[in-house]
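A.B. asks: Take a look at the letters that make up each chain.
Number of protein chains: 2
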Amino acid sequence: MDAEEYRKAAYASVDYIIEHFKTMDERKVVADVEPGYLRKLLPTEMPVEPEKFEDVHKDFDSKIVPGLTNWHSPNFLAFFPSNTSYPSMLGELYSSAFSAPGFNWICSPAMTELETIVLDWLAKQMALPKCFLSDGEGMGIIQGSASEAVITCMVAARDRYLRDAVASKYETEEEKEEAIANARGKLVAFASDQTHSATHKAALIAGVRFIAIPTSADDEFALTGEKLETALSSAEAKGLLPFFLTASMGTTAVVAIDRFGEIAKVSESRPHMWKHIDAAYAGAALICPEHQDMLDGVGDSYDSFDMNMHKWLLVNFDASCMYVRRRRDLADALSVMPPYLRNSVSDAGLVVDFRDYQLPLGRRFRALKIWFVMRAYGAKGLQAHIRKTRDIGQLFTTRVQERPDLFAIIARPRLGLTVLQVLAPEGSATTTNDLTKKVAARIEKEGHLYLTSSTVHGSYAMRVVTGSPWATEEAMEAAYKYIENVAEEERA
Amino acid sequence: MDAEEYRKAAYASVDYIIEHFKTMDERKVVADVEPGYLRKLLPTEMPVEPEKFEDVHKDFDSKIVPGLTNWHSPNFLAFFPSNTSYPSMLGELYSSAFSAPGFNWICSPAMTELETIVLDWLAKQMALPKCFLSDGEGMGIIQGSASEAVITCMVAARDRYLRDAVASKYETEEEKEEAIANARGKLVAFASDQTHSATHKAALIAGVRFIAIPTSADDEFALTGEKLETALSSAEAKGLLPFFLTASMGTTAVVAIDRFGEIAKVSESRPHMWKHIDAAYAGAALICPEHQDMLDGVGDSYDSFDMNMHKWLLVNFDASCMYVRRRRDLADALSVMPPYLRNSVSDAGLVVDFRDYQLPLGRRFRALKIWFVMRAYGAKGLQAHIRKTRDIGQLFTTRVQERPDLFAIIARPRLGLTVLQVLAPEGSATTTNDLTKKVAARIEKEGHLYLTSSTVHGSYAMRVVTGSPWATEEAMEAAYKYIENVAEEERA
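Order-wise, the sequence lines are chains A and B. Be aware that the first sequence starts at 1, since it is given in this note's numbering, and climbs by one per residue. Be aware that the second sequence starts at 1, since it is given in this note's numbering, and climbs by one per residue.
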């Protein structure tokens, strides 16, 4: 494909994308295909001869697109949103053209520098504690996902704990090594039973134990100081070593917010335990002053914080914005310096080389799309997006609340998420759980809407949330009407 | 930015990219900026009001682009290449528009299915052992980088070893747990001293020991069976537990190829040790039959294999193609199933959910750019690219070999890489190492070319390699002339 063929194909692709978003409502939200559908449509070997892009694109349109679930549709009410936007797409376009594995500053100085700048901008806009800004000991860095952020922090936490809380008690290298080897099997990471599974998975990867602390509906599913103290004391009594805690700002199932102030207080007597805040979804709302009370109690005692712009803040996947209070903690755990990566600016200590602050060596230029989005929308435009979609979500909450005879809401609705059950009639042979399951199954089968079901402390419930820039009040009203109708039919 | 503004901005950006590649030679290959340059040019807070894209783009052109190192320039001879191509850019364009975190099959069925198909295509084209194809117990999966691939495999290897080689010897859960806790501190991963630092870093992340096995110039810096046996026996004698080995198909410093057959033989008596092949750069050449002898001795005993299409195979970063012989090994270590990820197709076991085969949960649609590239180039076009750039690299080797009075080549040149020293004249006060360092420093300072220096067993050397689709014979001849000239001047 030469430059002129590319120009033609790229223009046509841009037109195709615009048309796709314009006609999104006409398509099913979930891909209507059977497992294994694509293998039947494509050859078993790669083509030998070059093909014209028009032919490739025809197959893309007829074979691939029907197999894509439409995360940006107003009828996509599942999981959490996965935003994209036009300025973000332009950022990716340039990033793919200027492709470079920006592991060192010198690999592409603007990649590193722009990242630090836009992450400082974001931290200020979210009113994060100043300890996370890059002008002190802290720093923001883009990770691929909230999962990678928690793995990265947990590995740093594990090594910091083994060094500062274990090895430091011994004199000789031999004693230190022995003590570390003995301690490894006793390390334990904590999180509430509502915390995203990424923390449990990170513990599997880091090779440490994991304990989920029970929450209760009475506390709105938040991790409290008291529950944490009980869990920590109990583990310590068994000889385990608590070294890491994930506190959630917005859990996956119900957007619960842990009690940061209480947690900080309980942790005062455990200064070596790393405290991470997972704000993957809810963090986006911090750009609006009216939601900054979610930060109450955070202060400057948390070691790390992570939120995904690629969920609800108009940047396409991936753009997970992670902040640490002490960037050295990451480099202490993750820095390896072979001779082929040495260079004069790095050796002089003049620059930050991001490879020392993440799991992989290479990395993409992701700051560009963030910068484009921030400038094309401005803080006001970003806030308008959060408020608009939040309010569309709340519209659904209101409708559900108007039918207490039909629906029960099982956790405090927050940031546009409603978690609901369909109430079985009194004296009915079926249970509310079973009826809700039946309604959810029919909605999945009919495919007009896409929503996620989950089980919260034994209650089977449907989650409804939007966040797409293409969301509308009309579509949400229609979604409510449809769900209400299915619920009534299934209950009858 | 509405649809029409996007159309205009996107067309203009496509034109800008084309112009950039056309005029690449006119710009310096390495960004000519000082550390911290960008902070002085940008405001300290994000803008409040939306800005016009024309204004954003002006800043992009004048402030960001000058800070980007030009990895695609014919004068970029450093590290390994980081390819991009027009069809690949189109793939990213669509991926950013259809943005979705494809953790489950149902999240976007085509994302999962196309990935399996194109990775099978690639494996067949590379003539990989059949055990890596998806129709048996194996599977290909795209990872973000060769580093993530080795971490993923090492975590799976660690858990498999602890289960199959440690816990299986005991009866009760308590005994098993105790045995695993005791074994953790004794696990050790191996690789040659020439292996990419990613394996050492993976060991840090997985919380295990790492031993680098010395190689020698006599063996062309390859890991041999004999050296491996010595290292394993010595570790075992100390009570350590070898559970993982990285064998390199093309090391970073000199593209050394480990002796896969000998390694497999030595490993026969250690059936629980995971053997991973890191073919990050050299793997690309396997698409040409004349390079498939690099696979000699691999057979079907290796557990995993990884190569980066984003280095030398025309796909922009990231596209690391990882294969495992038994996909279950990954899922056994990495699967966590919270209720909000359950869905009927996954529960029925009909599909592969890629989240169970990688570190993070979410993932981008990267198969699309691979598919576009494979179809737009065809196998013939991909081979032509490898052969052309390899031959341009060999042209440099030939020129260097014509001046044995001035240059020494310190390892067998392979796949277009030359590793050279500038010879100090006999009886000179300066050493060859110091002279080479001086030449490299001057080349870095003048900035006409960009190349990497490294130290191989104490020898300071310059690495010259290309692989860019924009590479030319003329530019390589000029690069040689320039290096020759600097070398002669510095020697005088």
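Rather than coming from a laboratory, the hints here were simulated on the basis of the structure. For clarity, every value in this text was computed on a predicted model and none was experimentally measured. One or more hints might be untrue.
When chains are identical, the list treats them as one kind, so a pair holds in a single copy or across two.
In silico EDC-like links for lysine to aspartate or glutamate, alpha-carbon gap of 16 Å or less [unchecked claim]:
(1) K124 / E45
(2) K52 / D329
(3) K380 / D332
(4) K8 / D329
(5) K238 / E174
(6) K124 / E290
(7) K481 / E446
(8) K388 / E5
(9) K445 / E490
A.B. asks: Looking at the structure, which of the earlier hints fail to hold?
C.D. replies: Hints 2, 3, 4, 8 are the ones this structure does not satisfy, whereas the remaining hints hold.
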